[in-house]
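Undergrad: Sequence:
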Amino acid sequence: MINTEEEVTQCTGEIENNFSSRVEPRRVTVNQAGTRLPTGVEPEAIDVTVYYTRAEDLTPLHSPGCEATALLVQINSVNWTTVCSALTTARRLAIYHPNELKLVLDTVMPHLKLHIASLRSSVCKTALICATDFLKAFGELMFIHLQSGSPSLLAILLQKAALDKRFVMDEAKRTLSMMINAMPCKVLLNMLFLHVRDTNCKVRAIVAKYLTETVEKALCERERGIECCIDYNHEYLLQAVATFVNDRQPGARESARQLLSKLKDTYYHDTSSDEWFRFVERSLGKPTAIKILRTV
Numbered sequence: 001m002i003n004t005e006e007e008v009t010q011c012t013g014e015i016e017n018n019f020s021s022r023v024e025p026r027r028v029t030v031n032q033a034g035t036r037l038p039t040g041v042e043p044e045a046i047d048v049t050v051y052y053t054r055a056e057d058l059t060p061l062h063s064p065g066c067e068a069t070a071l072l073v074q075i076n077s078v079n080w081t082t083v084c085s086a087l088t089t090a091r092r093l094a095i096y097h098p099n100e101l102k103l104v105l106d107t108v109m110p111h112l113k114l115h116i117a118s119l120r121s122s123v124c125k126t127a128l129i130c131a132t133d134f135l136k137a138f139g140e141l142m143f144i145h146l147q148s149g150s151p152s153l154l155a156i157l158l159q160k161a162a163l164d165k166r167f168v169m170d171e172a173k174r175t176l177s178m179m180i181n182a183m184p185c186k187v188l189l190n191m192l193f194l195h196v197r198d199t200n201c202k203v204r205a206i207v208a209k210y211l212t213e214t215v216e217k218a219l220c221e222r223e224r225g226i227e228c229c230i231d232y233n234h235e236y237l238l239q240a241v242a243t244f245v246n247d248r249q250p251g252a253r254e255s256a257r258q259l260l261s262k263l264k265d266t267y268y269h270d271t272s273s274d275e276w277f278r279f280v281e282r283s284l285g286k287p288t289a290i291k292i293l294r295t296v
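Numbering (full-length UniProt numbering), first residue to last: 1 to 296.
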C-alpha cells in the first residue's frame, strides 16, 4: 500500500518514465452528452494494434501498487496514446493483480465509461477490451458500475454494439458476451428488462439477442439443478416477446420466436396447446396472446 504523498509522487514519476515514446499533447473537449471529442494536430502514425493485445499475451506488472496509483493520472490524460497505454495497464492489473485494481476501481470506472463513449475508435475499442477484462475479473461486482449514471455503462455498450463502426460494434458485442458469461442470470435479466423498450430499434435487437442468451444460460443451469430465475420471470419474458415479435428489426423478431419456443419447450412440452395458450393469455391478455402465438 502507498501511505505518503512522497511515495505517491515517486510511484507516479516511475510510471511516467515508462512512457518513453511521447507525442505532443492534444486538447480534448467534452460535448453536452459527455463524449470526448479529439481536437488538435494528429500525432505521427501509431500502430494502434499494440493496444489490442490479447489477454493471454499480457504480462504481470513489476510494481502493481505503484501502477494502480499512477493509473488515475494516466487514464485521465489529454493525450489519447497515454490513455490507451493506461487502459492496457488497467487490463494487466485486472488479469494479474485484481486486488490492487479493486482499491481504485470506483475511481477508474467513470473514466473507462467516458473512453468507451469516445469518438476516437481506437480509444473506444481499447476501452471496450479493458471492460471485457474487468467483467471477467470482477463478475457480479461490476453490477453497480454497469447500472449507475445516465446514460449507464450498459446503455452505452448496447448502443456501441448496435450503432457504431463495424469493428467497434464487434468489440462491444464481445464485451456484452463476457457480461453474460460472468454475471448471474437474475442480475442480467433485471438489467436487460430495463432496455426492452429502448427507442432505437437496432438497440432493441441487441437487447433481444442478449436476453435470449441469458435465458439459454439460465435453462442450462436449471438442467444442472441450479435454481432458475426463469421460473419466476415468465410474465416479464412474455412481455418482452410481445415487444420484439413485431419489431422492425429481423433480429429482434427472431429472438422473440426463440424465446417463446424455449419457454414452451421447457415448461409446456408435454401439455396441450390449450394449456400453453392459457399460460400466455394469463400474462398478456387474450388479444395479445392470439397475436403473438399466430405470428410465431
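It cannot be assumed that every hint is accurate.
[To be verified] Derived lysine-lysine pairs resembling DSS-like cross-links, with alpha carbons at most 25 Å apart: (1) K217 - K186; (2) K186 - K173; (3) K173 - K202; (4) K186 - K165; (5) K202 - K291; (6) K286 - K186; (7) K173 - K136; (8) K136 - K217; (9) K286 - K217; (10) K217 - K202; (11) K165 - K202; (12) K136 - K186; (13) K291 - K264; (14) K102 - K202; (15) K286 - K264; (16) K291 - K262; (17) K136 - K102; (18) K291 - K186; (19) K202 - K262; (20) K217 - K165; (21) K291 - K173; (22) K264 - K217.
[Said to hold, decoys possible] Just the calculated beta-carbon pair ranges, DEER-fashion: (23) V48 - Y268: 24 to 34 Å; (24) I226 - S283: 20 to 30 Å; (25) L58 - R294: 50 to 60 Å; (26) V104 - R174: 21 to 31 Å; (27) R174 - S261: 22 to 32 Å; (28) T49 - N181: 43 to 53 Å.
Hints were generated in silico from the structure; no laboratory data involved. Keep in mind that this is a model prediction, so the values were computed, not measured. Glycine residues also receive a C-beta, built at the ideal position from the N, C-alpha and C atoms.
Undergrad: Next, verify each hint and record whether it holds.
TA: Results for each hint:
1. Only pairs whose Cα atoms come within 25 Å are accepted, and K217 paired with K186 is accepted, the gap being roughly 11 Å.
2. Using a Cα cut-off of 25 Å, the hinted pair K186 and K173 holds, with the two alpha carbons roughly 20 Å apart.
3. Only pairs whose Cα atoms come within 25 Å are accepted, and K173 paired with K202 is accepted, the gap being roughly 13 Å.
4. Between the alpha carbons of K186 and K165 the distance comes to roughly 31 Å, so the proposed pair goes past 25 Å and is violated.
5. For a cut-off of 25 Å, the pair hint linking K202 to K291 stands: about 23 Å separates their Cα positions.
6. About 28 Å separates the Cα atoms of K286 and K186, which puts this hinted pair outside 25 Å; it is violated.
7. Taken as a hint, the K173 and K136 pair is honoured in the structure, with Cα atoms around 14 Å apart against an allowance of 25 Å.
8. Restraint check: the Cα-Cα separation between K136 and K217 comes to about 16 Å, which is no more than 25 Å; the hinted pair holds.
9. With a C-alpha separation of about 30 Å, the suggested pairing of K286 with K217 is violated against the 25 Å cut-off.
10. Restraint check: the Cα-Cα separation between K217 and K202 comes to about 23 Å, which is no more than 25 Å; the hinted pair holds.
11. For the hint pairing K165 with K202, the CA-to-CA distance comes to about 14 Å; that is within 25 Å, so the pair holds.
12. Of the supplied pair hints, the one linking K136 and K186 holds, its CA atoms being roughly 18 Å apart against a limit of 25 Å.
13. For a cut-off of 25 Å, the pair hint linking K291 to K264 stands: about 16 Å separates their Cα positions.
14. Proximity of K102 to K202 is assessed by CA-CA distance (about 34 Å); at most 25 Å being required, the pair is judged violated.
15. Annotation: proposed proximity of K286 to K264 holds, straight-line Cα distance about 17 Å (limit 25 Å).
16. Of the pairs offered as hints, the one joining K291 and K262 holds, with about 18 Å between alpha carbons and a cut-off of 25 Å not exceeded.
17. Note on K136 and K102: the hinted pairing holds, with a Cα-Cα distance of about 13 Å set against a maximum of 25 Å.
18. For the suggested pair K291 and K186, the alpha carbons sit about 28 Å apart, so the restraint of at most 25 Å is broken.
19. Between K202 and K262 the CA atoms are separated by roughly 23 Å; this keeps the pair inside 25 Å, and the hint holds.
20. About 29 Å separates the Cα atoms of K217 and K165, which puts this hinted pair outside 25 Å; it is violated.
21. About 31 Å separates the Cα atoms of K291 and K173, which puts this hinted pair outside 25 Å; it is violated.
22. Distance hint between K264 and K217 is fulfilled; the C-alpha atoms sit about 16 Å from each other, no more than 25 Å.
23. Range check, V48 to Y268: Cβ separation about 51 Å, and the 24 to 34 Å hint is violated.
24. Take I226 and S283: their Cβ atoms lie about 24 Å apart, and the range 20 to 30 Å holds.
25. The hinted range of 50 to 60 Å is satisfied by L58 and R294, whose Cβ atoms lie roughly 52 Å apart.
26. Restraint check, V104 to R174: a C-beta distance of roughly 25 Å satisfies the suggested window 21 to 31 Å.
27. Between R174 and S261 the C-beta distance comes to about 26 Å, which sits within the given range of 22 to 32 Å.
28. Between T49 and N181 the beta carbon distance is about 25 Å. The supplied range of 43 to 53 Å is therefore violated.
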